[in-house]
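Enquirer: Sequence:
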Amino acid sequence: MKVNLQSVNFHADQKLVDFIQKKLDKLESHFENVIYADVFLKVEKSSDKENKISEILLSIPGDEIICKKRGRKFEVGVDECVNSLERQLQKRKRKFNVQVA
Numbered sequence: 001m002k003v004n005l006q007s008v009n010f011h012a013d014q015k016l017v018d019f020i021q022k023k024l025d026k027l028e029s030h031f032e033n034v035i036y037a038d039v040f041l042k043v044e045k046s047s048d049k050e051n052k053i054s055e056i057l058l059s060i061p062g063d064e065i066i067c068k069k070r071g072r073k074f075e076v077g078v079d080e081c082v083n084s085l086e087r088q089l090q091k092r093k094r095k096f097n098v099q100v101a
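Numbering (my numbering), first residue to last: 1 to 101.
Treat the hints with caution; some may be incorrect.
In silico lysine to aspartate or glutamate, EDC-like type, Cα no more than 16 Å apart, as pairs [said to hold, decoys possible]: (1) Lys73 <-> Glu55; (2) Lys23 <-> Glu86; (3) Lys68 <-> Glu80.
Here are the computed distance ranges between Cβ atoms for each label pair [stated by the list, open to error]: (4) Lys68 <-> Lys45: 16 to 22 Å; (5) Lys91 <-> Phe10: 32 to 38 Å; (6) Asp48 <-> Ser7: 15 to 21 Å; (7) Ser46 <-> Gln6: 18 to 24 Å.
Quick caveat, the hints were computed from the structure, so don't treat them as lab data. Since the model is a prediction, treat every value here as computed from it, not as a measurement. For every residue, glycine included, the Cβ atom is placed at its ideal position computed from N, Cα and C.
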């Protein structure tokens, strides 16, 4: 799967990029037809401590799935997004298998 990473208002280090790639590779084991993933990491300029936004958009044949989380760390947000996307992919897979049968 091709992963496009965009970081807004900061520079993502290699450790964070590797973490995201590892998490997204895990999704491919559940749904092998993922075309690409767009990952947007943003830091909002605010006094709130939960100012980091993690957003993942997955492109699958015929549709797109998106998840957006806000938190103190990008790693936590990405992990929560991947878990949410995993559930959504499993749901779509079951729905697709029911329609085919």
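Enquirer: Next step is simple, just say for each hint if it's right about the structure.
Expert: Each hint tested on the structure:
1. Lys73 <-> Glu55: Holds: Lys73 and Glu55 sit about 13 Å apart, inside 16 Å.
2. Lys23 <-> Glu86: Cα-Cα ~10 Å, so holds.
3. Lys68 <-> Glu80: Holds, at about 9 Å.
4. Lys68 <-> Lys45: 16 to 22 Å: 18 Å, holds
5. Lys91 <-> Phe10: 32 to 38 Å: With a Cβ separation near 33 Å, Lys91 and Phe10 satisfy 32 to 38 Å, so the hint holds.
6. Asp48 <-> Ser7: 15 to 21 Å: 19 Å, holds
7. Ser46 <-> Gln6: 18 to 24 Å: 20 Å, holds
Consistency with the previously given hints is maintained throughout, with no hint failing.
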